[in-house]
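Residue numbers (our numbering), protein chains in the order written: chain A, 1 to 399; chain B, 400 to 592.
Watch out, some of these pointers could steer you wrong.
Said to hold, decoys possible - Listed below are several chain A residues computed to face chain B (Cβ distance under 8 Å; list not exhaustive):
id, residue
1, GLU60
2, THR175
3, ARG362
What the hints assert, rightly or not - The following residues of chain A were derived to be distant from chain B, with all beta-carbon distances above 10 Å:
id, residue
4, ALA3
5, ALA48
6, ASN121
7, GLU180
8, THR196
9, LYS241
10, LYS261
11, THR278
12, LYS317
13, PRO340
Worth flagging that the hints you see were computed from the coordinates, not collected in a lab.
Just so it is clear, the structure is predicted and the values come from calculations on it, not from any experiment.
Positions of the beta carbon are idealized from the N, C-alpha and C atoms, including for glycine.
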Amino acid sequence: MSAKRIKERMSGNEAVAYAIRQVEPDVMPAFPITPSTEIPQMVSTFIANGQMNTDFIPVESEHSAMSAAIGSEAAGARTMTATSSVGLALMWEELLLAASNRLPIVLTLVNRTLSGPININCDHTDGMGARDTGWIQIYSENNQEAYDNYIQAFPIAEDPEVHLPVMICQDGFITSHAVENIELLEDAPVREFVGTYEPEEFLLNPGNPVSVGPYSVSNYAMEARKAQEDAMVRSKDVILKIGEKFGTLSGRSYGLFEEYKTEDADYIMVIMGSAAGTAKEAVDELREEGVKAGVLKLRVFRPFPEDEIAKALSGCKAAAIMDRCESYNGHGGPLAQEIPAGLFRNHVNIETVSYVYGLAGRDFRVEDVRGIFRDLQDLTENGKTIEQFRYVGLRSKQE
Amino acid sequence: MKNTLEIRWHGRGGQGAKTAALLLADVAFKTGQYVQGFPEYGPERMGAPITAFNRISKDEIRVHSNIYDPDYVVVVDETLLHSVDVTAGLKEEGAIIINTPKSAEEIRPLLNGYPGRIVTVDARMISESSLGRNFPNTPMLAAAVAVTGILGRDEFIQDMRASFRHKFAKKPEVIDGNMKALQMAFDAVEEAL
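Okay, chain A solo, but in the shape it has when bound:
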């Protein structure tokens, strides 16, 4: 059944805080860090004003925030936290513990670079640094998607087929601090959609005692890891099911990625986060000029939809793969590695050019997108040589 929609305007951080109030998790341990600070700040205000009942734990570091989240979730309480940048890095050890203990914690990440040079602006270095920790990762284009994705995070994480923690990401400042239009849902349908959390096994259950996080000898530990990987694979279907169900509720359904004018496209840009909107604007301009361009906006980065992306790109001549992050391996960022691997395994033989863009808040413009599509045309139609791994928006030595 479709729910009533409330037209509002708010920043990405406000949108997530609003969703947190509606979901009202049992426990939220958090430590402030720019640009996600506003989220725990707003939640604390809601609690102080009696608008929600969450138990907020002001901890002394992000290491403690994730540790407290693990303890609380293991005890059977629905738990979330928020962080950015070095805050996520300080959680590193606990991120792996949360996932391997199969605790469906939700973390809202406001993406920000890591130093140095010291910088507080947006890129995906933080989220990408945690890509192998066993968390599901979902990226948002704008405040609306940050809100929608947060609401979907709990039913995904807590599904008995999944039981994994979920990270909901949005671009620091670019969407977290930008006021834009949004359509909110009323509290009751959100609560109904998320449902009550009824863990099968939890620490504070005297009728069924369990232990969490015990030592495992080599005879068994590897099986636990494989079970974790299997859950990640299974989560794909659950993410799709929840994305469709959310569409029935809100009119906005979600898949693993969004395809914008890709059906007949000769050239496709694969991109995540707020820059996808800028890319769509450029695609509309190029379409008017007769260039068949399209955008594949990746939403779900973990589990990685390798085969689905390969299929979506199989009809184009060339794809631009966009990383807002550097891997320092001489061969582009994470997407520049994983997408071509999928193309190879699926026998999709198209040209790709990989770009690093928008590091440490470098602005990414419609003109940049147009230039990248020009590269793809030069490569496939004009017989020019284009380097495989490139930077976009870099200053020249004269500048």
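Place chain B on chain A using the hints.
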């Protein structure tokens, strides 16, 4: 971007240019349009030059980059004219709105040959006479609304009273002064136009 009004704000940290941009987004939202209001964050400190942006459109706004070819520029601090290229990319058919006691003719030589419309508002005088302190962002917000025509005077004033009641719920004594500042600036700009 087609069919989109783009505004760039220049101010100094602490003067409220970011708040003014967010309030302008609020005002435009109430007219049923799509809006964006966002700041560019540099090293945040009092007095450092800062930039904030607005996009206003009948269509959904998808672009998430800064604004390089604005329709309007608002300068909250006159001293920026000497250090920041405030008219960079500004459209000739647009306008620049500057907080200064000087006239448009006196200011024009400082604008790198910008040929378009210049609107000057003495926001400091308005703020000091209505609020007793220099908060230039409130008068500059009214000037921006008056020049861009996003909303008519009466509707704007009515909307802002509601916004201020909410924003200053804990210090209602400043509401009247802020309302007076808005009205004075709006009238001054309308008279000059």
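A quick look at each hint next to the structure:
Against a cut-off of 8 Å between C-beta atoms, the interface hint on GLU60(A) is violated, since the closest Cβ of chain B lies about 24 Å away. For THR175(A), the shortest C-beta to C-beta distance to chain B is roughly 7 Å, which falls under 8 Å, so the interface hint holds. At its closest, the beta carbon of ARG362(A) sits 10 Å from a beta carbon of chain B; the interface hint therefore is violated under the 8 Å criterion. For ALA3(A), the requirement that its beta carbon stay farther than 10 Å from each beta carbon of chain B is met, with the minimum near 21 Å.
With 10 Å as the threshold on Cβ separation, the claim that ALA48(A) sits away from chain B holds: the shortest Cβ distance comes to roughly 14 Å. A cut-off of 10 Å between C-beta atoms contradicts the statement that ASN121(A) is not in contact with chain B; the least separation is 7 Å. The Cβ of GLU180(A) does not lie farther than 10 Å from every Cβ of chain B; its closest approach is about 5 Å, which violates its non-interface assignment. For THR196(A), the non-interface assignment is confirmed: its Cβ lies about 34 Å from the closest Cβ of chain B, beyond the 10 Å cut-off.
Chain B leaves LYS241(A) outside its interface by the beta-carbon criterion, the shortest separation being 27 Å against a cut-off of 10 Å. Every beta carbon of chain B lies more than 10 Å from that of LYS261(A), the smallest distance being close to 13 Å; the non-interface claim holds. Distance check for THR278(A) against chain B: the nearest CB is about 5 Å away, which does not clear 10 Å, and the non-interface claim fails. Under the 10 Å C-beta cut-off, the non-interface status given to LYS317(A) relative to chain B holds; the minimum distance is some 25 Å.
For PRO340(A), the non-interface assignment is confirmed: its Cβ lies about 27 Å from the closest Cβ of chain B, beyond the 10 Å cut-off.
Hints 1, 3, 6, 7 and 11 from the list above are not met by this structure, while the remaining hints are.
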